[in-house]
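There are 2 protein chains.
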Amino acid sequence: MKAKTKGKVNQTQAAIEAFLSNETPMRAQRRSYQPPLCAVLKGGAGATRPMPGMELEVLKAARDQLPFVSQNRLLEIVPRQEKRPDRPRRIGVVLSGGPAPGGHNVIAGIFAAAKRAHPEHRVIGFLGGPKSIITNKHLEITAEMVAHFKNSGGFHMLGTGRDKIDTPEKMEQCRQTCTALGLSGLVVVGGDDSNTNAAFLAENLRDIGTQVIGIPKTIDGDLQVPGLLQIPFGYHSACMAFATEVGNLNSDCKSDRKYWHFNRLMGRSASHIVLEVAFQTHPNVILIGEEIEEKELTIHNVVRLIADVVVERARMGKDYGTILIPEGILEFNQEINVLIIKISHIIAAYNREALEEESFHKLSFEDQVQFIDNNDIWRDYDSRVFLGLPPELQRGLLLPRDSHGNFQYALVNTERILLGMVATYLRKQRGKGIYKGTFRTQNHYYGYDGRGTFPTNFDCDYAYNLGHAAFSLLNAGATGYMAAIKELHKPMEDWQPIGIPLAPLMHLEERFGRLELVIQKQKVDLNSPAFKILAHEREKWAVEDHYRFPGPIQFHGPGADDKPITLMLNALGG
Amino acid sequence: MKAKTKGKVNQTQAAIEAFLSNETPMRAQRRSYQPPLCAVLKGGAGATRPMPGMELEVLKAARDQLPFVSQNRLLEIVPRQEKRPDRPRRIGVVLSGGPAPGGHNVIAGIFAAAKRAHPEHRVIGFLGGPKSIITNKHLEITAEMVAHFKNSGGFHMLGTGRDKIDTPEKMEQCRQTCTALGLSGLVVVGGDDSNTNAAFLAENLRDIGTQVIGIPKTIDGDLQVPGLLQIPFGYHSACMAFATEVGNLNSDCKSDRKYWHFNRLMGRSASHIVLEVAFQTHPNVILIGEEIEEKELTIHNVVRLIADVVVERARMGKDYGTILIPEGILEFNQEINVLIIKISHIIAAYNREALEEESFHKLSFEDQVQFIDNNDIWRDYDSRVFLGLPPELQRGLLLPRDSHGNFQYALVNTERILLGMVATYLRKQRGKGIYKGTFRTQNHYYGYDGRGTFPTNFDCDYAYNLGHAAFSLLNAGATGYMAAIKELHKPMEDWQPIGIPLAPLMHLEERFGRLELVIQKQKVDLNSPAFKILAHEREKWAVEDHYRFPGPIQFHGPGADDKPITLMLNALGG
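Chains as they are written, first to last, in the working numbering: chain A, 1 to 574; chain B, 1001 to 1574.
Hints were generated in silico from the structure; no laboratory data involved.
There's no promise every hint is true.
Calculated cross-link-like contacts (lysine-lysine; reagent style DSS-like; alpha-carbon spacing at most 27 Å) [said to hold, decoys possible]: (1) K436/A <-> K490/A; (2) K428/A <-> K1486/B; (3) K490/A <-> K1170/B; (4) K486/A <-> K1008/B; (5) K436/A <-> K1318/B; (6) K137/A <-> K1131/B; (7) K1006/B <-> K490/A; (8) K436/A <-> K318/A; (9) K1436/B <-> K1258/B; (10) K295/A <-> K490/A; (11) K486/A <-> K540/A; (12) K1258/B <-> K137/A; (13) K164/A <-> K318/A; (14) K1137/B <-> K436/A; (15) K1521/B <-> K1532/B; (16) K1164/B <-> K318/A; (17) K1131/B <-> K258/A; (18) K1042/B <-> K318/A; (19) K258/A <-> K1170/B; (20) K1318/B <-> K170/A; (21) K295/A <-> K428/A; (22) K258/A <-> K1521/B; (23) K1137/B <-> K318/A; (24) K1295/B <-> K1540/B; (25) K170/A <-> K1258/B; (26) K1436/B <-> K137/A; (27) K1060/B <-> K1523/B; (28) K1137/B <-> K258/A; (29) K1164/B <-> K258/A; (30) K1318/B <-> K1540/B; (31) K1258/B <-> K1295/B; (32) K1164/B <-> K6/A; (33) K1258/B <-> K131/A; (34) K164/A <-> K1258/B; (35) K1523/B <-> K164/A; (36) K8/A <-> K1486/B; (37) K1362/B <-> K432/A.
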């Protein structure tokens, strides 16, 4: 082969290999982004001082179970005047619960803050979630790892998990791990349950000198503290990923004028995601679980609410539209919730007295219904409600419970059931001559793809600053706190890092039949400016095609530094 | 109220209103993007000349039905030496079939080329697809409309539709519309069926002086002409939208290590989309319909193919992964296809002799099966295949046919059926001690959201140049051609606009029981460099986590000007 030909072959081969690499331009580009720090954190790890003007109440149960950390007072982080001499320390970090965009930046923030404070500080990553604190499965985080994962999505730098440290034995093993590793600090990145873990770890690791700080993470957006924590990290990116998809469906349905798109969005206990995606996309129908609960709407009311918009638009010749449904909509439905609780109770009672092979779910559907109907706690009213539901939902309500006896909401294909009920209702309206349109539908569920997206610039910056804030709190001797940033709606320069004591966030909640101390989830506040504005605007959005097309998340140019609209509206409107 | 306070209130009100506008930063940004032109088109509308070295054969049926346009020879567009004097002309444009990203740029291209050639040229947009040529529903396209919609997704500037101009009456009405509007040209933007429409329109509007040019559009990517048209516009953007989503799932599943994600991707007749998304994301299992067809794989083979990867990964402790499934997978399955054809035949025969209220689908499922089983064309082998399928698929195969008697693939939830079959197979493997993993799954269908996405820079440029090429062809007197761009893999400067005669693209296809002349869809070529490379790489992707994370479509920075990987590999390898 001639040298020239061979050179060309090699060149072609190299080009092909470049196309087969799993290095994307996006990853390379994102690695080069350096999230900036707010003014307070810019100069190095800050000091802490009590923050006046806000008294947080602590439940008696929290004072009893967390006698030490329940004494914590709200802290603000301020620039440190003189640099403190320090000894080399080791700080652990663990990712917990579902992945959320920005997790890697929390680690990058802790790492950068630690190395800046003392080049001999070391950061230890626990692998695969909290369980690995128990089993001591870890690795040391290096500058190379941080550079590789910075600003990227997912939690795969360390992995994650859902284990709770809920027994004295597990706690003892954690103590052993932290002692063995000589950890002076431990940062727990997670949602309400993980921050509950953090509080108990803080209480129990105090005497071995391991301080514990939580970081507020959850795409659901339900980890909030009024006046102190506007939103956790991860929420904005996931909402923007869903908004891209719903915005694209706006564009498609307005072009094709053929389909109603039912979009179920992740977020079981609160409808924050639906609220933000609604502001990002202006769909035709928006269901907010908290409103359904507050107004005690039945499922038939909800069906009617959707169908009325379909009928109204059909009159205008618009047989298309987009609808947002929160994943947890059934939980907000008083009537259905009562049925679920009663049926769970009846199934549990039956199974307690039956052999495994004769369990409730071995009965035929008809026999199951019969048995429920004969139970003392089942009223005529329950039967009327139950029999008024479509068969798919009836069967859904009878599905086997999970190992704790809980109803499995995720197994019920809510958007398809609602869609079926709307179709049935519309057939009746057609019979009466009220509806003359064509009702063709597509249903979608968006969740996991949003959890895995690259974080927006806002989440990159926010998570990175949270990592630095967590280090400041550790460095100042704090434990049993959640690192947070106040004033997120202001320019980043003016963000205010704080430490929120974990104990006052706790309330008592029934879990597996007993009251447990856990951090309270924050639902959509129907008196918030954002919700009130939505309630006003949605009537226009229902009939007009006021669609908003946010497009794919951008990292450069106009809009790249945008923040959640709900955050901004809540800060603006009073 | 003091002036200062009032000023602040107004300021707040203005800020809130800005957040509620449906103008997004993205739309504003995209409007400012001016797609460049290739060298040939830069200087104004080009001239045409026969392109040597390529002889295209024309079927006898095409010569018979399209006696005039079947004489067309392949044209290349070249810069025009001197500007031709011209009279003001009117050109119509119609969007046809499903929306594809870039459609608005075809219109922008035609408009810019026309106005540059003569400021009095006018562009007429037909509203809501080809039907509006019949009914003469149109508007005049203005510079403001073009500026508003340029580089945006969807087809909602004009709307779209699926009507065919397939009777002499409809054709006559089209002739009347074109005469009434005084159209000298008509551009049809669409897929195989729409370009078939274009050929017949060209043949029939010739004598009234309306030239007709088609534009290759379809996200499915199956409108290709080997050596001349590498890919239609819209394909790249839709693939990138799907790749964002699948890449995010890669990231999520690798973090959570908990789920197998089954992703069904739009694209019924060919698996081009799966091929491109596979190169963009490196998932663990990739099903290509054409390969299943070629290798005559049964559905059980396919299930085995998936399950083997699940088992292998479970051995490595990886109970997670991503799987790509082409929407039309059942069509590629020889065995299932035979059942579908026979069942359709049997149902049709039954219904011909039955009253409406006694139609086949009024029978119970068991009676339906019984009746099919007794039919002469149904062999024992068919029964064995049928009874070996899971009940959900059996019921799927018996679903009512559409108004033309065709099987409705879209009604069958293929990914869920496959997933169920894999789960069943894995249970057996577990019984034998071969499989010890946990098989938890999530299924996704991505289609409409990709159709509606903002077009990538590549599609913006491609569609805009196609619009200019169409105008050049009209300006040079051509009719019965599809505008195309050769050498798409080269720098845009070197793109080569051409006119492909429509007649040689036609073949005979059975539609509604009779042979019709239509443009042939192009399937994935198993001998193409891209497929061969995939076949080599996928073994590594199956077991290693070689995931690629393309991230959201970017319009600035590295990667923003990327082209489809399959296009590049096919051009490079060879």
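Each hint tested on the structure:
1. A C-alpha spacing of about 50 Å is found between K436/A and K490/A, which places the hinted pair above 27 Å, so the restraint is violated.
2. The hinted pair formed by K428/A and K1486/B fails the criterion: a straight-line CA distance of about 55 Å is larger than 27 Å.
3. Restraint check: the Cα-Cα separation between K490/A and K1170/B comes to about 61 Å, which exceeds 27 Å; the hinted pair is violated.
4. As the CA atoms of K486/A and K1008/B are separated by approximately 22 Å, the hinted pair is consistent with the 27 Å bound.
5. In summary, the hint linking K436/A to K1318/B is not supported, as the alpha carbons are separated by about 52 Å, beyond the 27 Å threshold.
6. At most 27 Å may separate the alpha-carbon atoms for a hinted pair to count; K137/A and K1131/B exceed this at roughly 66 Å.
7. Under the criterion of a C-alpha separation no larger than 27 Å, the hint pairing K1006/B with K490/A is consistent with the structure, at around 22 Å.
8. Between K436/A and K318/A, the direct Cα distance comes to roughly 11 Å. Compliance with the 27 Å bound is thereby established for this hinted pair.
9. Pair hint K1436/B plus K1258/B holds up; C-alpha atoms about 14 Å apart against a cutoff of 27 Å.
10. Between K295/A and K490/A, the direct Cα distance comes to roughly 34 Å. Violation of the 27 Å bound is thereby established for this hinted pair.
11. At most 27 Å may separate the alpha-carbon atoms for a hinted pair to count; K486/A and K540/A exceed this at roughly 34 Å.
12. Using a Cα cut-off of 27 Å, the hinted pair K1258/B and K137/A holds, with the two alpha carbons roughly 19 Å apart.
13. The suggested pairing of K164/A with K318/A is violated, with an alpha-carbon distance near 50 Å, which exceeds 27 Å.
14. Of the pairs offered as hints, the one joining K1137/B and K436/A holds, with about 23 Å between alpha carbons and a cut-off of 27 Å not exceeded.
15. Distance hint between K1521/B and K1532/B is fulfilled; the C-alpha atoms sit about 21 Å from each other, no more than 27 Å.
16. Using a Cα cut-off of 27 Å, the hinted pair K1164/B and K318/A holds, with the two alpha carbons roughly 22 Å apart.
17. Between the alpha carbons of K1131/B and K258/A the distance comes to roughly 15 Å, so the proposed pair stays at or under 27 Å and holds.
18. Note on K1042/B and K318/A: the hinted pairing is violated, with a Cα-Cα distance of about 41 Å set against a maximum of 27 Å.
19. About 23 Å separates the Cα atoms of K258/A and K1170/B, which keeps this hinted pair within 27 Å; it holds.
20. Distance hint between K1318/B and K170/A is fulfilled; the C-alpha atoms sit about 26 Å from each other, no more than 27 Å.
21. Distance check on the hinted pair: K295/A and K428/A sit about 25 Å apart at the alpha-carbon level, within 27 Å; holds.
22. Among the hinted pairs, K258/A with K1521/B is consistent with the structure: their alpha-carbon atoms are about 25 Å apart, no more than 27 Å.
23. Restraint check for K1137/B and K318/A: satisfied, since their Cα atoms lie roughly 17 Å apart, inside the 27 Å limit.
24. The straight-line distance between the Cα atoms of K1295/B and K1540/B is roughly 21 Å, inside the 27 Å bound, and the hint therefore holds.
25. Distance check on the hinted pair: K170/A and K1258/B sit about 23 Å apart at the alpha-carbon level, within 27 Å; holds.
26. For the given pair, K1436/B sits about 23 Å from K137/A by alpha-carbon distance, which is consistent with the 27 Å threshold.
27. Restraint check for K1060/B and K1523/B: the C-alpha separation of about 23 Å stays at or below 27 Å, so the hint holds.
28. Using a Cα cut-off of 27 Å, the hinted pair K1137/B and K258/A holds, with the two alpha carbons roughly 19 Å apart.
29. Of the supplied pair hints, the one linking K1164/B and K258/A holds, its CA atoms being roughly 17 Å apart against a limit of 27 Å.
30. A C-alpha spacing of about 15 Å is found between K1318/B and K1540/B, which places the hinted pair at or below 27 Å, so the restraint holds.
31. With a CA separation close to 32 Å, the supplied pair K1258/B and K1295/B exceeds the 27 Å bound.
32. Note on K1164/B and K6/A: the hinted pairing is violated, with a Cα-Cα distance of about 53 Å set against a maximum of 27 Å.
33. Straight-line distance between C-alpha atoms of K1258/B and K131/A comes to about 15 Å, which keeps the hinted pair within the 27 Å bound.
34. With a CA separation close to 17 Å, the supplied pair K164/A and K1258/B stays within the 27 Å bound.
35. The suggested pairing of K1523/B with K164/A is violated, with an alpha-carbon distance near 51 Å, which exceeds 27 Å.
36. Between K8/A and K1486/B the alpha-carbon distance is near 23 Å, which keeps this suggested pair within the 27 Å criterion.
37. Pair hint K1362/B plus K432/A holds up; C-alpha atoms about 26 Å apart against a cutoff of 27 Å.
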